Structure formats: structure tokens, C-alpha cells
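J.: Starting from the known structure of chain A, fit chain B onto it as the hints suggest.
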Amino acid sequence: MRSLAAVGTAMALALTACGDNPDDRPAAGSTTTVVVLDNNPLGTYNPVNNHGRNGESRIYQGLFRVQPGQPDTQPDITPLLAAGPAVPSDGNRTWTVRTRTGVTFSDGSPFGPDDVVTTYRALINPAVASTELVRWQNLHTVDATGPDEVTFRLKDPSPEFDRLLLTGIAPSERLDAEKATTPDAVPAKDSSLNTDPVGTGPYELTDLRADQAIFEARDDYWGSVPAIGKIVIRHVEDENSRAQQLPNGEGDGTLLDTRLSKAFDNNKDFTVSSRTSADWHAITLPAAHPFVGDQTVRTALNLAIDRQALVDGALDGHGTPNSTFLAPFYGNAYDKSKEIPFDRAHAEKLLDDAGWTRGSDGVRAKDGRRAEFDLIYFTNVGETRKLLALATTSELDKIGVIAHPVAKNSADVSDEDYRTTPLVLGGGSQPYSIDAQLYTVLHSTFAEPGVGAKWDNASDYVNKELDAALDAARVEPDAATRDALYRKAQASYAATPGMLQLAYVKHVYVSRDMGWKEPGVALEPHSHGVEFGPWYTIADWTAS
Amino acid sequence: MPADTGRRRISAVPRIVGRRLLLLAPITLVVTVGVFWLASLSPLDPLDAYMSGQSAALTDEQRGELRRTLGLDRSWWSAWWDWLRATLGGDLGRSMSYRQSVSTVIGDRLPWTLVLSVSGLVLALIISVCLGLWAALAPGSLADRAIGVLATVLAAVPPFVLGMGVIAVFALGLGLFPTGGLTDPGEGVAAGSLLRHLALPTVVFALSQVPWLILGLRETVIRTLSEDAVLFARLRGIPRRTIVVGHVLPVAAPPFIALTATRLPELIAGSVIVEAVFAWPGIGAAMVQAAQRLDLDLLCFLTVASTAAVLLCTLLADVLYVLLDPRVDTDV
Numbered sequence: 001m002r003s004l005a006a007v008g009t010a011m012a013l014a015l016t017a018c019g020d021n022p023d024d025r026p027a028a029g030s031t032t033t034v035v036v037l038d039n040n041p042l043g044t045y046n047p048v049n050n051h052g053r054n055g056e057s058r059i060y061q062g063l064f065r066v067q068p069g070q071p072d073t074q075p076d077i078t079p080l081l082a083a084g085p086a087v088p089s090d091g092n093r094t095w096t097v098r099t100r101t102g103v104t105f106s107d108g109s110p111f112g113p114d115d116v117v118t119t120y121r122a123l124i125n126p127a128v129a130s131t132e133l134v135r136w137q138n139l140h141t142v143d144a145t146g147p148d149e150v151t152f153r154l155k156d157p158s159p160e161f162d163r164l165l166l167t168g169i170a171p172s173e174r175l176d177a178e179k180a181t182t183p184d185a186v187p188a189k190d191s192s193l194n195t196d197p198v199g200t201g202p203y204e205l206t207d208l209r210a211d212q213a214i215f216e217a218r219d220d221y222w223g224s225v226p227a228i229g230k231i232v233i234r235h236v237e238d239e240n241s242r243a244q245q246l247p248n249g250e251g252d253g254t255l256l257d258t259r260l261s262k263a264f265d266n267n268k269d270f271t272v273s274s275r276t277s278a279d280w281h282a283i284t285l286p287a288a289h290p291f292v293g294d295q296t297v298r299t300a301l302n303l304a305i306d307r308q309a310l311v312d313g314a315l316d317g318h319g320t321p322n323s324t325f326l327a328p329f330y331g332n333a334y335d336k337s338k339e340i341p342f343d344r345a346h347a348e349k350l351l352d353d354a355g356w357t358r359g360s361d362g363v364r365a366k367d368g369r370r371a372e373f374d375l376i377y378f379t380n381v382g383e384t385r386k387l388l389a390l391a392t393t394s395e396l397d398k399i400g401v402i403a404h405p406v407a408k409n410s411a412d413v414s415d416e417d418y419r420t421t422p423l424v425l426g427g428g429s430q431p432y433s434i435d436a437q438l439y440t441v442l443h444s445t446f447a448e449p450g451v452g453a454k455w456d457n458a459s460d461y462v463n464k465e466l467d468a469a470l471d472a473a474r475v476e477p478d479a480a481t482r483d484a485l486y487r488k489a490q491a492s493y494a495a496t497p498g499m500l501q502l503a504y505v506k507h508v509y510v511s512r513d514m515g516w517k518e519p520g521v522a523l524e525p526h527s528h529g530v531e532f533g534p535w536y537t538i539a540d541w542t543a544s
Numbered sequence: 001m002p003a004d005t006g007r008r009r010i011s012a013v014p015r016i017v018g019r020r021l022l023l024l025a026p027i028t029l030v031v032t033v034g035v036f037w038l039a040s041l042s043p044l045d046p047l048d049a050y051m052s053g054q055s056a057a058l059t060d061e062q063r064g065e066l067r068r069t070l071g072l073d074r075s076w077w078s079a080w081w082d083w084l085r086a087t088l089g090g091d092l093g094r095s096m097s098y099r100q101s102v103s104t105v106i107g108d109r110l111p112w113t114l115v116l117s118v119s120g121l122v123l124a125l126i127i128s129v130c131l132g133l134w135a136a137l138a139p140g141s142l143a144d145r146a147i148g149v150l151a152t153v154l155a156a157v158p159p160f161v162l163g164m165g166v167i168a169v170f171a172l173g174l175g176l177f178p179t180g181g182l183t184d185p186g187e188g189v190a191a192g193s194l195l196r197h198l199a200l201p202t203v204v205f206a207l208s209q210v211p212w213l214i215l216g217l218r219e220t221v222i223r224t225l226s227e228d229a230v231l232f233a234r235l236r237g238i239p240r241r242t243i244v245v246g247h248v249l250p251v252a253a254p255p256f257i258a259l260t261a262t263r264l265p266e267l268i269a270g271s272v273i274v275e276a277v278f279a280w281p282g283i284g285a286a287m288v289q290a291a292q293r294l295d296l297d298l299l300c301f302l303t304v305a306s307t308a309a310v311l312l313c314t315l316l317a318d319v320l321y322v323l324l325d326p327r328v329d330t331d332v
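Heads up: the protein sequence lines correspond to chains A and B, in order. Just so you know, we're using this note's numbering here: the first sequence kicks off at 1 and counts up by one. Just so you know, we're using this note's numbering here: the second sequence kicks off at 1 and counts up by one.
So that you can see chain A by itself, here it is in the shape it has in the complex:
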């Protein structure tokens, strides 16, 4: 019993030690508080790492911001901390941005070009070890070239460089401006900004626990003060738990997969919104694989899939069938007629002609090799990939091709797996220029071993005609010519496809109807949290 008493005392101590500030509670039922359940861990609020990389932060603001209200087209990039559009010169190698005046950070310090310069210098300084380093490989230097002016110099011309300037800006003193370019710079992982962020945005972090972060609207915000005074982000990793917390009144909204969101379809307190994203989901067809690496087989598999049925079945309609990565939201760069059609008979004929003929069990084989492959899907990033893997498996079964779905945690999938085994891949985390969206996915440079991330051109697909079009478009200053180049790239890809692109999936959010109206829906990148969705514009919500 002595041990029991000790345990009891320890518990009582723990309780009293933790319960010392009951007066900090908010007024119950305050209409200006919104509680959002997030699957991502809290407390990594450093724009020099990947917080707010697409301008979605509530704390920080970038030079430009993705305009909401244009989800079905390439959205406009509107100036935020910039005072006007970025001006290119030197054949799109130099970009000059005037910075806004009269803006203050949440710590009261004024915003100026030095903050922009220091933030971007920290991003490209390897000693800072930003996880965003890869994204800024083309940025050579950044300098303050006037009292309210910043100039970016690039290694290679980039006609849409301004569309990348969405990253949040941190105050230079917090990035240790003198050291930001030197080997003595503070590594991003050790920066105090991670847990004590200071930005120019409408909200500031006022409390942070392992399970909860509280953001409150700034009184001294330089723009118009938001109607939503307080945002509570609760970290709930388990998807089922998130789905249970909403109806119990412990949250006002979250991200759910299509299966769990269905429970809210007939709930009059909640709205299920399905939002267009540039989040592509495809199956890789690695060149090293003896069956799917063959170009005829790749083409046949692309023809054999009824993508509309896949979207309707596996995704419950929350997606758009797509076969060539270029999509309607890329405007004139997309040619609908170049989508790969669903033509199962043609697919079967291609396989027959290539010698992959059906055996007595209905499964195709050639020279004693059966037409089958393992198909890896990740288990740790939601249900969508599994559903797509299973649905594709049954589609392929109809043409005598057998896929064996294999569940794996993405952390356990090696470079070798990527090189040899088909897997369900999602991407599109920088979708606001076609170059950022497509180049690393399809260009043959990334087919070389050791070049690019392991998922870059994961099929090791080589199409020189496509390469030429992507390379030309990358530096082409004229928008119309660029669109024509991308249409050419699309046609070339469609004729000899390198992956089995299935769809652009929609992100499904469930949110409580609280009488607020959002100004518009934004085209979302590939993402896994609650930074986008209805809450992307939370600072601009108005009473409806």
C-alpha cells in the first residue's frame, strides 16, 4: 500500500502543478473563437523552414499571396508585403520588388526590405539548413537596392519567379541578420521562431502546448482587424478521433478523408466542402520494372483505366479525372483533347500485339513472365492512396494485368523501391507555376540516379521531345508562347505516357456553420493539414 500512497501523492502533485491558471479561460461560447483540429504537430512556426511556404500562414505574410476566389484557374498572385507587382529585367534573371511601408511586426518593429533580404538569404544559406533549400536553388542573391526595394538575382531566367514569392517574411533581428549569410548562422531547426513566431500577419501566437496552439488577432495589425478574434488549433493526429470530436462540440472544423466526411453529409450543423487542389495522384511505372517499364505497356495501362469510374468510386466524386498532369486550372496551357481516352479494347490490342497474351487463367504473360507487379501505397498519409490503389487494381484486372497492393509507411520506402516498384504517388506542393508543378516530375534529368528527390521523375521516364518543351517553357518570357510549349509537352506526354496519372484529388474539409462567410475558395497545393481549406482566408471572414 505504501507504493499506492506514493503514486497517489505524485498524481496530486502533478495535478496541482499543472492547474495553476484557471483564470486564463476564454469567455464560454464566444462567437469569435474558431477551433480547428489539425493532424500536424504544433510548434514549427518558422518561415525559414517550411511553415507557410505557399503563403498560408496566419502569422507571417509573404511578398505576394495566392488570390482566393479563383479555384478553377491559375490564381492571380496579389501583392501583400510588396507594394506592387514584381518587375523583371535582364531577361527574367533579375526581379525587383518594392516593399510596402507602414507595416509592423507583432513585436512592434517596423517591416522593411532588410527583413525580406534576411529571410531569403537565410533560406539559401546551407549553414541555416532550411528544409526549403531545394526550392530556392535558382536564387543567386537578394539585396536591398533602395529604401523600399529588394532585388532578386537568379542563376537562370525564370519568367514566373514572382509566383514563387509567397514565403512568409520574418523580422531580420530574429534571424540574426549579420550572421544570416555566414557559416555561423543559427540553423533553422534551432531558431526561436519555431515556438515564438513574430510576423506581420493578422494573428499572433499567444499560447502553445503540445496539444493546442492559440492564435489571437493583433490589435495593432496594419490591415483591417479580423472578425474572428481567436483561432484555437488542436493537435488530433488520429483521423477517427477528429471525426468524433466535431459533433461532440470539441472542434469547429477539420480535414477528413472522403469516407469519414460522409457522416457529415446530412448533418445540418456542418458543411462538407470539397476543394479543387493541384494535388495529383498517379501510379509510377518505373523504367527498371520488366513489365510496366515497357513503353507499350505504359501506354496500354493508361488506356485501360476508366478514370471517371475511379473518381466516382474510390474518391466518391471528390476529384477530377486527369491523365497528363496538365489540368484545366492551367488555362490555355491545357488541351482537353489531349487527355488519354478510356479505351479498353485498344489497350488489350496493344498488349496482344506486344506479345502479352492472355493465358488460360485470363492473366497475360509473355515469354513465361506474367503481367503482374507489386503496387506500394503509403498508409500514413490518409486513405486516398489506398482507395486509389485498390480501385486501379480491379480496373487492371479487367485487361488481365495483376497488381498486388502493398501497404507501407512512406518513411520505409527506399530509393531502391522507388526505382523498381510501382507506387501510388501524390504531389503538387508548389502548383502556382506550371514549371514548379511539372518540371521535376517529368523531366528526364531526374531519371538519372542520385539527381533530385527520390520521387522526382519516379518512373525514370525519358522523353526528349517533352524535355525540350519543358526546358523552352521554363525560360520563355511570352505567356502565350509558353502556353503553346506546355500544350506541346502535354501532347508529347499523352502519346507516350510515363506514369499512370489518375486524378487531381479534392481536399475534403468539414466545418461547423457558425454564420461566417469566406471571401472565396483558393486553389490548394498538395498538402496534409488545415492551413488551407476554409481557414486560408479566416482573417477575411465576414458575417453572412
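These are computed hints drawn from the structure, not numbers from a lab. None of the values given here were measured: they were computed from a predicted structure. Warning: the hint list may mix true and false statements.
Quick look at which bits of chain A chain B covers, simulated, 3 or more residues with Cβ under 8 Å [what the hints assert, rightly or not]:
id, segment
1, 35-49
2, 131-138
3, 182-192
4, 209-219
5, 228-235
6, 238-252
Computed from the model, here is a short list of chain B residues facing chain A with C-beta under 7 Å [stated by the list, open to error]:
id, residue
7, Gln62
8, Leu66
9, Thr69
10, Arg94
11, Met96
12, Leu172
13, Ala276
Even glycine gets a Cβ: it sits at the ideal position worked out from N, Cα and C.
T.: Frame of chain A, contents of chain B only:
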């Protein structure tokens, strides 16, 4: 037992404790060496984990600089030596994945895991002592069989299923408790709200631990009841209650308490799933993340802490054994 034997046994305790504590340091040291060595053999590249899989897109020069910045360019033994020196100097290092100091990551989470596992254990002990005794005192009865079935069923149901079920009934169905979290949204930590949020995870945690406690206690009590001493006591007409309280429990208690003490560290690890289901901000998720992302500083601290916890709890079990059970040789 004679008084001087009892004193001798008590005086033996510091000797046992001292000897074990002397062993604790070298064992822990060997474990930390093992962590660094095993991590160096892992096919996962910590730089790639830090860069979320994009490290191959860097130039060789950048990769080299990043490795230097992140301290990944050292051999595993020099990384271990640096870590050891810093730790002994009171600096637990930085968690690469949480991007906070290890002491912050642990300080924010460990207290909540302790609160949950201690409250769960207390409840588990209460339930299992009641049910275990009830079953043992009437072996073969309906109650005994029902308790046996209950224990088997509870052992077979995974904690996350139990958690979801409890949430469905008591939170969503009856609306008596919140479904998860430490406090209501936006609220600071306060005792009343904490207790409400603690209730369901405590119950699930306790129920997941009771099967082996019940069955263990039942076994020892039944065995003790069949011993000659108890038989003679009954023959002498001593009331059953006196026999149970005065003779059976003192003999049956030591193995039960020791069993509980040796399993204490496992209880903390066992809270991982319960924490996930109830969005309880404990150490569980940090353990998983540290291992998956090769977050060495965090991983090492957690491993050392678990090692120390196992060793100390085993020691506690042995000391209790020596103090409570005169049959045990103190020369262990």
C-alpha cells in the same frame, strides 16, 4: 518472523540498492552506445528525413554543409561522445524533428503521460484487487468464470477499439465526457476540466492492464489458499475473513506487487495507443516520431529514460520482495 531477522533484512536493502545503482550507470552507458551505433546502421538517412525526402535534390556541396550544420558529418562514436558530454553538462540537445530543445519536448509531454499512466494504474489496481480476490475466493463459481471471461475478452480487445467504443458510448452517446484532449478548446489547464478529460483515457488504460493483474492475483491467492498453513488455520476454526486478511494476503501480495512494479515501465510505453485515440499530448507520439525521423537527441534521451525506468522499477520490485517476503534470500 523473529525481530532480528527482520532488521537484518531491512539493513540488507541499502546494500542491494547500492550494488544495483553501481550497475545502472554502465548499463545505461552501454545502451546509449548501442543507440548511436544502431542508428548509424539504419538504412534511413537522417538528412533525408530532415529534408522530408528531398536531400537528393541538393548539390554535393550543399549536402556537405547541411550535414555539418546538423552534426551529421561525425562518426557515430564522436557524435556519441559529443552527446554524452553535453548531456552530462545538463544540455539534452535539440530535437531535429520537433525543432525544439529536447527538454522542452519532454517537459511538455512527460507529465501528461505520467498523470495518465499513474491514474490508470491506480484504477487498474483497484479493479483487479477486487475482481481477482472475488474470483480467487470462490474458484469455479459463476463469478469466477465470469471474471475469467471478462479478463480474456479485455485482453483480446485492442486498446484502440476499446477507446473508440468508450468514446462512442460515454462521449458521443451519453455526452458525459469529452472525446479527447487535455482541456476544452482554448482553455488553460485547470484541475476540474483536466479530471473530466482524464476520465475516459484512464478507464481505457486501466481496462487494458487489468487482465494480467486479475489473473496473476487470482493464481497466487488460490495457490496460497491451498497451502498447509492455511489448511491448518481452517482446521483450527479461525474465521475465514481472518485467514484471508491475516494469512493469505500477506503471502499473496509480494508477487503481485513485484509483478506490478516490474511492469511499470511497460505501462508508460503502453499508453501510446490510448494517447493517440484520446489526443492526449503525452510522450507516445514523440517516441514514434523520434525513431522514424532518426531524431537522435530525442531518441537517445527517451531510450536512456526507458532503460533507467526499467532498471529502477526492477530494483523497486526486488526491494519490495525482500521487505515483504521473508522467504526471499537477501543475497540477490
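J.: Quick one: which hint numbers does this structure break? Sort them smallest to largest.
T.: Checked against the structure, no hint fails, so every one of them is satisfied.
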